[in-house]
Amino acid sequence: MQRREFLSSIAEPFRQGLAVLEQIMAGVPKRVQAGLEPYVPSPEVPWDERSAGHLLHRAGFQFTKAELEWALSRSPQEVVEALLQDLPLPEPPGTWVGEEPRYPPDRVLDAQRMAELQQWWFRLMVERERSLREKMVFFWHNHFTTDKDKVYTPQYHYIQNDTFRRMVWGNLRALTRSMVSDPAMLLYLDNNDNMAGKPNENFARELLELFTLGVGNYTEWDVVAATRALTGWRVVGLRSIFVPQRFDDGVKTFLGQTGRWGTEDVIRIIFEQPACPRFFARKLYRFFVYAVPDENIVEQLAQALVAHNFELKPVLRILLGSAHFFDPRFYAAQIKSPLDFIVGLLRQLGIRHPAAYAYGVRAAAALQLELFNPPTVEGWKGHRLWLTSMTLPLRQRIAEALLEGRTVEGAQLPFTVDVLGFARQFASHGQARAFVREVARFLLAYPIAAEQEEWLVSELLQGAPEYEWSLEAPNADVRIRLLLKAIVRLPEYQLT
Amino acid sequence: MQRRHFLKQTLKAGVVLSALPALGRFSAQALAHAPALGHLRKLTEQSDRVFVLIQLQGGNDGLNTLVPIENPLYYAARPTIAIPKEQTLPLTPTLGWHPALVGFKELYDRGELAIVQGVIYPNPDRSHFRGTDIWVTATDADVFLGTGWLGRYLETLVADLPPGEIPSEPLAVQIGAASSLVVQGERGLLGLSFRDPRDFYRLVSQGAEGVGGEVPNTLAGQELRFVRSIAQAAQRYAELVRRASEQGTNRIAYPDTDLGQKLRIVARLISGGLGAKVYVVGIERNSFDTHAYQGGVTGIHASLLRELSDAVKAFLDDLRALGLADRVAGMTFSEFGRRVQENASKGTDHGTAAPLFVFGGQVLGGRLHGQDPDLANLDPRGDLLMQYDYRQVYAAALLQWFGAPQTQVQRILLREFAPLPLFAVQTWVEEAPPEVFRFEISPNPASSMATLSFALPDQASVELLLLDLQGRLVGNLLQGEYPAGDHRVSVRLGPISSGFYLCRLRVGRRATTRVLQVLR
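Protein chains in written order, with the working numbering: chain A, 524 to 1019; chain B, 18 to 537.
These aren't lab readings, by the way, just hints derived from the structure by calculation.
Quantities reported herein were computed from a predicted structural model and do not represent experimental measurements.
From the three backbone atoms N, C-alpha and C, an ideal C-beta is built for every residue, glycine too.
Check each hint, because a few of them may be wrong.
To be clear about the criterion: a stretch of chain B counts as covered by chain A if any three or more of its residues have a C-beta under 8 Å from a C-beta of chain A, and this derived list gives those stretches [claimed, not checked]:
id, stretch
1, 100 to 114
2, 295 to 303
3, 320 to 332
4, 363 to 377
5, 476 to 485
6, 501 to 510
What follows is a list of derived Cβ distance ranges for each label pair [stated by the list, open to error]:
id, chain 1, residue 1, chain 2, residue 2, range
7, A, Pro988, B, Asn461, 50 to 60 Å
8, B, Tyr92, A, Ala830, 49 to 59 Å
9, A, His876, B, Asn234, 53 to 63 Å
10, B, Gly497, A, Asn998, 55 to 65 Å
11, A, Gln948, B, Ile269, 54 to 64 Å
12, B, Arg384, A, Gln826, 37 to 47 Å
13, A, Tyr675, B, Asp177, 30 to 40 Å
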């Protein structure tokens, strides 16, 4: 690998996990891998629960039984196409999204609206079915970061989130350009204060380092030049405006090109760099496929991005429909993010309730992912870093408590999990062993071992003979709950 | 306590083992051949010094931390955020402390804090993320490693542990949400991270089954193994953490800040006998990234400095009251300093060299290494030039504080760095016969309570530890400063099982041991 490529790959999220994984990978024998050609179901890689589940896991937040059946009744390409379908925009969380920010701000009101916004988005993640959209919006939130500590006006977060949704798989260049004048971004990275003669290089640096090129693909002097070229923007009310008097219209040399550059030129020049499509391709690969990018595939994805003039949808179509994506080596090889975990759990169990969304936002925050509040401008690094000696047991306790209709602190939630209804979705619900097997396959991306199956059967039966099992058996709900609690406690439940 | 010398003596002369008339089912002979001996021998190689790393995330502004009060270039470069000379606290004729650093000034004046000026590395990187990685992995600016410098050191302590097995005690503890690369070794993360020890125990103790067979070496299998290793470490260490947290204590109040509360927990766990050698805490969320409106005498940066200084001051005061001041040292670090010239937003952009602080009872404190920042000779970007490589501080910590051998330190830091004189070199505790302090325990055998008596020729810091026969800490019976004279103290032995224990009394740099039998 070129040092330059390596440098830029390092700058992306997952670097720490990556370093560890690369050490592991060094010991794994290489084999011929599937490429970006379309996936065609075969006896080796059939279109079944595992492969369809893999697509739904990566393109959404786990899946409901109905979604799985929907996917299995179509071809993989039809499912990918449906997941990428443009959808009408959701109703905003309230009319307040159009209110001018108040000065001085009303902190109590802002905090309340911020919570509404978090729950509004969380609800979309749970309720939006058969669509990649909300997961992709999260991808952008984690890429073009903004946090609610520094940008405390909820309207700005709504506007940015809405932009992500409108441009979700549109043009990358256009999305990046729109972020330059996005009010939340202008405030978050101080470009609002960057003006001719008084540079503030916060935004320019992160634009190059974290948003488009990666470390090693620009110099300190490019940061200086971009900072000057990106002057002139101001947030006014809910919008931003360009103030020519604040713009530094002098000559700058940016990434080897010299001129009186401004915002449009910076974006144009960045997107002419070969490092730019590679940077996005690598990040998409890590998000959808695996933490350690296959550089050969990354290169092909980068070429596809250029060939499609940075339109994202056709490239997502290629990636998610490819033989490479469906290579069974990648099944269950990601660690769930707190959203995969908690949104996924609610969806798997069929829980839809406003109180569940409010609690879900809080639970995800306890697991180190609070929406609209990434830890740094680099966003959440994710993968292995999600799990620590604290967050893993916390996930287990949250899942168990939820199955009992309680918060992790023990408070009663105003809804219960209909475990009998859950069980009836499975054709095998009358036969203990087959039922356990089917439920485990539905809830877990990683196949369980024979001794685990034994243990799960015993959790369900609690000493009763297998032939006595039925949903009408006394305490069947209690037993199913024990089974489900045992499954969500498994280390395997953390994989997706 | 210095276990090393004590246990070396023990092993060499069999002092303690041969003094035991009977060890229940084990004879002293059998014990000497037990697998536990390997562990015991290992302990003798280690010191029980603890190192606390405080990360200031975001890039601390060094020039507004230690203010060059006589330098007109400083005041010219910072028209709105400079600290006026008369507002600073006196440090040297040309340098003043930021007024929020009252605690640091006091620690410096009493010799428990040292300053190193101008710390960075050649070709500094101005990216937060790359900069932080360079600091935690201890590499040159163009070298990429997946392990941290403390991870590589800690790994030398468990070199003969079979792969896949985890140490009997957590080697490192991070108080906070995330896991830092700094304690990552080839074996993986060498420690725990939690925010609150009680929450941690409550979460883990509610049960988790570790069922599951062999894991294949597939991509998913590797992830599963990772998840299981975390579950296993949490299970294994939860009880140790709970015990340390319950047996530990704090003797003074800490400021009610994020860092203050984190350091309070660290002191509590150390005093409770948790065996971790390294604690990692920080002011997180890139807080020091003061691009806009950072303030001067007051404001964002001032309150961050106050949080840091007040918390470290409370921590060292507490350690002194606990009799632990000489066992604990630490340092601050931040990925870079900030630009000399303030920017348009009354803040500062990413810069390079900056001061860092080393603190602790055995730190060669009250010293300032390096010159005042040279504001007339900047790099082409307008940033300060390096005076010391950050690895000169790491080398000092490894060589002087942990007593690691020179060749090992070179391996850990990838090459040789001249250490700065920052820490008093480890001197082992001298083993004394019990008669010297007229040290007695009664009754012996004891059941739940025992009375300790000892005599001190002078005032001294005293510690009484209960160890099992493998030299592992079971409890901390006594800790603190005691005046000269005779002392009798009743102690509760806590929930320990019947058997033989070692009671080790440490008085300053001398220590003595008696065997205690517990019958329940």
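(request) Could you check the structure against the hints above and give me the numbers of any it violates, in ascending order? (result) 1, 3, 5, 6, 9, 12 and 13
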